[in-house]
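Protein chains in written order, with full-length UniProt numbering: chain A, 1 to 202; chain B, 1 to 202.
Where hints are given, some of them may not hold.
No copy labels: a pair is met if it fits in one copy or bridges any two.
[Claimed, not checked] Straight-line Cα separation of at most 30 Å, DSSO-like style, residue types lysine-lysine; simulated pairs: (1) K133 to K80; (2) K133 to K12; (3) K12 to K141; (4) K141 to K80; (5) K12 to K80.
Read the hints as simulated data drawn from the structure, not as lab findings. Source: prediction; values computed, not measured.
Chain by chain, the residues run as shown.
Protein chains: 2
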Amino acid sequence: MEAPLPEPEPLKALIESLRRLPGVGVRSARRMAYHLLQHDQPGAEQLSRALSSALRDLRHCARCNGFTEEEICATCSNPKRDPSILCIVETPADQNMIESSHGYRGLYYVLMGRLAPLEGIGPDELRFDRLLKRVDDGLVKEVILATNFTAEGETTAHYLSELLQSRGIAVSRLARGVPAGSELEYVDAGTIAWALMERRST
Amino acid sequence: MEAPLPEPEPLKALIESLRRLPGVGVRSARRMAYHLLQHDQPGAEQLSRALSSALRDLRHCARCNGFTEEEICATCSNPKRDPSILCIVETPADQNMIESSHGYRGLYYVLMGRLAPLEGIGPDELRFDRLLKRVDDGLVKEVILATNFTAEGETTAHYLSELLQSRGIAVSRLARGVPAGSELEYVDAGTIAWALMERRST
Chain A
1 MEAPLPEPEP LKALIESLRR LPGVGVRSAR RMAYHLLQHD QPGAEQLSRA LSSALRDLRH
61 CARCNGFTEE EICATCSNPK RDPSILCIVE TPADQNMIES SHGYRGLYYV LMGRLAPLEG
121 IGPDELRFDR LLKRVDDGLV KEVILATNFT AEGETTAHYL SELLQSRGIA VSRLARGVPA
181 GSELEYVDAG TIAWALMERR ST
Chain B
1 MEAPLPEPEP LKALIESLRR LPGVGVRSAR RMAYHLLQHD QPGAEQLSRA LSSALRDLRH
61 CARCNGFTEE EICATCSNPK RDPSILCIVE TPADQNMIES SHGYRGLYYV LMGRLAPLEG
121 IGPDELRFDR LLKRVDDGLV KEVILATNFT AEGETTAHYL SELLQSRGIA VSRLARGVPA
181 GSELEYVDAG TIAWALMERR ST
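Looking at chain A on its own, in the form it has when it is part of the complex:
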């Protein structure tokens, strides 16, 4: 929705900037701008400050590539975690989901993306050289590939699997199957097919 009325420049610039957020179209951007300016000016100031401080103070952990203020992030420097297992995830959000399962006490490596040749994202863009250096620390015995079960996530897992196995590292992948609490009637056929193929003896 292009504004048919003349719009002041700072408002136009704010709407344009909000549109760059993922999942925000022009209507939402407009609504956000009006809301901030009319009903939450302290929120707007806070957001402006938070953005500049995050840009200034955050960097990538030298070990796991996640966001941190320090050289090494709190998770990587936690001595209670098992340094022999490394779980590779696409994003910090995925890392949080795995952590909240309470089923993992090893370390992480965050790719900050996935292979997407069509978008020009290859092994160089994802800095696989840094990942290989991380894996070669002499402590990592097993790498768990926890990229998403999408076409791109699977491609990334496949590529990394070949790369790491050629260096003699044990590589595993998260199990595919029927989600916990599901009724089979409502699970998609592809998932059922995987669950059949990867069935376990009890």
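Chain A is fixed; fit chain B onto it per the hints.
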């Protein structure tokens, strides 16, 4: 989703600030923060700057209460518009929708909200005194109430209608009826009832 992993302070602050945007929950806020920091740092800088410049440079038009950089906005100072009709809307977004219908050449007044007693928004919060001063400029002959057709918008229209009519101003309301292009089968019964009640002879 509370992050189960320790999170650096600037990242936490950024996610909290993004959550204040309307329609943004913690998951979207997290996704936005990761996106800005990892894939669009220029976008983050731009948004931070746009926010502070909008806060610094925008104010309310002395005539229509919309956002402007000047004392009087471009729409209110446009000599081609008819100063005898004033259309009252809730938000600048509503104003844009009316303008894009190309069916209106009068002026506007933007309430920047609607009466919502449960949220503590009454005539004082919406500065109805300013609106009355605006209407009393000696040029306005008719006021069109274009608040939303929601409970709160209707209440606001009803209240304003009594207030303005008691001052001898002609007040009208947008017509209710079947939307253009609709099939009756898919229009809700309330709308049909209104359309019947307000039927026009042809």
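Hint by hint, here is what the structure shows:
Proximity of K133 to K80 under the C-alpha cut-off of 30 Å is restricted to the intra-copy arrangement: shortest distance 22 Å within a copy versus 69 Å between copies. Within a single copy, K133 and K12 get their C-alpha atoms only as close as 46 Å, which misses the 30 Å cut-off; across copies the closest is 29 Å, which meets it. Taking identical chains as interchangeable, the C-alpha atoms of K12 and K141 are never at most 30 Å apart, the minima being 53 Å within one chain and 32 Å between chains. For the homomeric pair K141 and K80, the shortest alpha-carbon distance inside one copy (17 Å) is at most 30 Å, but the shortest distance between copies (76 Å) is not.
In this assembly of identical chains, the alpha carbons of K12 and K80 lie at most 30 Å apart only when taken from different copies (24 Å versus 50 Å within one copy).
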